[in-house]
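Can you make the complete structure from the sequences, with help from the hints?
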Amino acid sequence: MTQTLRGATDRWLFRLHGAERGEVVLNQRRVFILPTKPGLAFAALLMLLFVGSLNYNLAMGYGLTFLLLSCALIAMHLSFRNLAYLHLNPGRASPVFAGEEAQFELHLSNRRPYWRHAIWIGFTGDGLPAREQPCDIPARGDCVIALQAPATHRGWLAAPRIRLHTSFPLGLLRAWSYWQPEQKVLVYPRPEDHAPPLPIAEALMNEGHGIGGEDDFAGVRAYQTGDSMKRLAWRQIARLGNDGTLVSKHFEGGAASEMRIDFAALPAAMDTEARLSRMTRWVLEAEARGMPYAFRLGSASHPSALGGAHRESCLRALALYGQEA
Amino acid sequence: MNSTAARVATWRERLMRGLPREKSDTLLLLGACALVMMPHAWHLPSWASLAASALLLWRGWITFHGNRMPPRLLLLPVVALLMLGVYASYGTYLGREAGVCMLVLLLALKLLEMRARRDLFVVTFLSFFVLLTTFFYSQTIASALLASAGVIAVLTALMSFQYTGVHPPLRRRLMAASQLFLLAAPLAVVLFVFFPRIQGPLWGMPQDAVRNGTGLSDSMEPGSISELTLSPEIAFRVRFSDAAPPPSALYWRGPVLGHYDGRRWTPLASALPSSRQVLGRGKPVHYQVTLEASGRRSLFALDLPAGPPQLENNPVQIQPDFQLLASQPISQRIRYDAVSSLDYRLQANESAVTLRDWMDLPPGYNPQTHEFATRLRARSANDMDLVNAVLQMFREQNFRYTLRPPTLGRHGVDEFLFATRAGFCEHYAGAFVVLMRILDIPARVVTGYQGGELNKVDGYLTVRQSDAHAWAEVWLAGRGWVRVDPTAAVAPDRVERNLSAALAPGAFGSFWSLQGPQGPWLTVLRKLRDNRDAIDNAWNQWVLNYTPAKQRGFLQSLGIDNPDWSTLAILVMTLGAAVTALVALPLIRHREKTDPADMLYKKLCQELARQGLPRAAHEGPLAYRKRLQQSGLSAERRLAVLGFLELYETIRYGSPATVDALRRTRYGTPIQQLKTLLIQSR
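Those sequence lines, one after another, are chains U and B.
So in our numbering, the last spot in the first sequence is 325, and the numbers never skip.
So in our numbering, the last spot in the second sequence is 1682, and the numbers never skip.
Incorrect hints may have been included.
Stated by the list, open to error - With a straight-line cut-off of 25 Å between C-alpha atoms, the simulated SDA-like cross-links for lysine to any residue are:
1) K184/U <-> A1617/B
2) K1602/B <-> R112/U
3) K184/U <-> T272/U
4) K1602/B <-> A19/U
5) K1602/B <-> P1614/B
6) K1110/B <-> L45/U
7) K1602/B <-> Q28/U
8) K37/U <-> L1109/B
9) K37/U <-> P1614/B
Worth flagging that the hints you see were computed from the coordinates, not collected in a lab.
So, in structure tokens, the structure goes:
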């Protein structure tokens, strides 16, 4: 009940709506300002100074009191100005694995001719650790900041609400604002920790002794970056002489030698997440060892391949399995 | 020499760059606190000043070397010791003086006990409080400037701690704090003028709030006034409603002394009630006196005041001897209106009984003077002649006027009249009155000030402590009390012009006064001093004396007839808001400077959005143009839109040469072309 009420208040008072697309300017209606605890103490100090001046009839005491009051008022404007009219843009957000920290890049750009100092930025929301980073933005300059949020589940992770606040220059008043950028990060499933070896064993076993049967061996080709060391055709390399040219063996896609990372091939007893987790590990391992792999998961089916794009599409399919969006 | 310079440079380097930020910030805070505490060094007991300095140095040393802060166990005995010291010096922990001393020590101690960020604010706020207490002792322009420097320093220190990553150099931070200060100043002035004032004090002003300034005391002995004349401090200022009377008429009546113990003159213990009969002749003089705090009850008025002036909360009485006494000591600068008659006849019908009080002399003093008086009396029976005879003696025999008279023994008057013959006004007045009393003429010493200096800049007459003077009054049958200034007989210049003129040049070394021999640069200096005095006076009149009454008067002069509390509150709010807005608007106002081409581009996009072809957020002009090529726009519109976008791309992203070439076409400037195309696209 209180939660909903508070939510409603927040939405109404702080104008919190859904995610905002594109660039956001913190206009004056979005920046709020209130005294900090030291600010309240400062108000008490001003009262004390005023009463002292009154009692001892100190004309200059009045002067000092009013001057300090005015300084606080000007500081209010300066704090406000420090945050207001800041231009905010979401930046890149690279995919991460579940269990890692998702990085959200944010661009803060200051189009005013003065420096903005000591602006604290952090994600805010339930269950988010209160971590904030300070940043300074030069006059007519930009600042890129990366905020971390824990990625717990695979799938899309939307950036939590961002709170920006500053109490510069005097620390007596705090101006703050909220921003909900339309920014999301793809979270891959968490790779299984002690996964069984790659499903390569049976394929190799069939071939008996090591590398490639006659049927499958298609010849040699020039070495390409990414080819596994295991595939280097040492005999041919030796024959070609020592001009340093490397060649690797090339296999035609014979079923027996092809490594397949297949959802359906995993034991049925495993639950979906565990299977996805293991497949993720295998994809990573196959990539690391440079062994081409075919991939099948639901409607996604990729022929045997290797490399960044292949890896990406496989991991993406794993991340979004069952939650197509 | 060279190595010293090099060492200084290294230290400077180390201070400026070598110090980590945290350290330099702390040192800055220490500096600000030192600046704030400094004015207190003049009146704190020296041990307290030393202790505060030592604590500051200790903290500075800790900071500089990155040592650990002292543990509380070590600080506690220090605190106890200092508190004992306060008690030893003041005998109390209450009251203003002891309070100020404790506050200064507290600030110094707090610096050694700064741990959390919160402590920074505690130190800052304490500093502001210490600044306020300096105004107990001095509220001059100089102290205002010093306090302003203190405020800026504290603000700079406070601000320095608020920076996060980027920490600008000290000069920039100082400028930022000064900017804040200067922006706040106009608003502070508005608040000062319009904020509703309440007449203090809220609770009984503690006794020690009464400040003992230098000034005339209510007793006189040889040396008491001549010492005073060394002080250039201002006693009071006067503004006459009309032209100022001539200098020879400017006798400012203060304490009247009638009791003599052989050395000291004091007021009569209990003067019998006497008639208040005054016959004033001529036009009375109206004037306003701004009296500095003296810590005494005497008020000063021109001889002879017509009545007691009115003071708020402090009734003034006119004594039988026509001196003005307030009920409470004058603990702050006050102002009063007074009326005086310069030509008067005072108590001409006084009874013999009342007059007897003014003829008392202690027995056994000054035998030579008694002998001399007998011889005088034998020559003349007329009191007036006797007075003139004595004055003639002063004038014609080799009496000298000097600020450094020889010291006198038991028979002071004897020695003065017949041996040393050198003295200041208190010698002449005292000896004259003694002589008169021996001659059976009622006489008394009147102390006060004589003269004053008219400031040509603001028309105020300034009376300084150096104008302190003593003269005599004798009672003559049929004429009443008559003023006689025996000093004038010796040094007529003293009365006609001023004190320093009366002293022989060089007699007093580098006397501060700028009078005396006139020279071109003396005139300049004097003008400068007149200006400075006028500024000081304006400061006193407008800043320090801005009382509730004055505020009321000022508001009435603005046309606000009945400024009650709520009217003032509204006024101060409105004006405050207006001034804040004036100050703050340039801070937040900002016009996004848009390039005309960008503006037209924005318009085109709006126009196309209206036609159902909005530009996507990710689309640049090129992508947009490519998409629009396949759109269902009418051919002629499409041509205009595509032309617009192409031209816009060239203006925005083309090489300077291309844009230059565009400028030379016969279709007008590129912007005009854009406008034309925009119109065609509708």
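To see whether the hints hold, each was checked on the structure:
With a CA separation close to 17 Å, the supplied pair K184/U and A1617/B stays within the 25 Å bound. For the given pair, K1602/B sits about 21 Å from R112/U by alpha-carbon distance, which is consistent with the 25 Å threshold. Between K184/U and T272/U the CA atoms are separated by roughly 24 Å; this keeps the pair inside 25 Å, and the hint holds. With a C-alpha separation of about 24 Å, the suggested pairing of K1602/B with A19/U holds against the 25 Å cut-off.
The suggested pairing of K1602/B with P1614/B holds, with an alpha-carbon distance near 11 Å, which does not exceed 25 Å. For the hint linking K1110/B to L45/U, the alpha-carbon distance of about 17 Å falls within 25 Å, and the restraint holds. A distance of roughly 23 Å separates the Cα atoms of K1602/B and Q28/U; the hinted pair therefore holds under the 25 Å criterion. Distance restraint check for K37/U and L1109/B: the Cα-Cα separation of roughly 23 Å lies within the 25 Å cut-off, and the hinted pair is therefore satisfied.
A C-alpha spacing of about 48 Å is found between K37/U and P1614/B, which places the hinted pair above 25 Å, so the restraint is violated.
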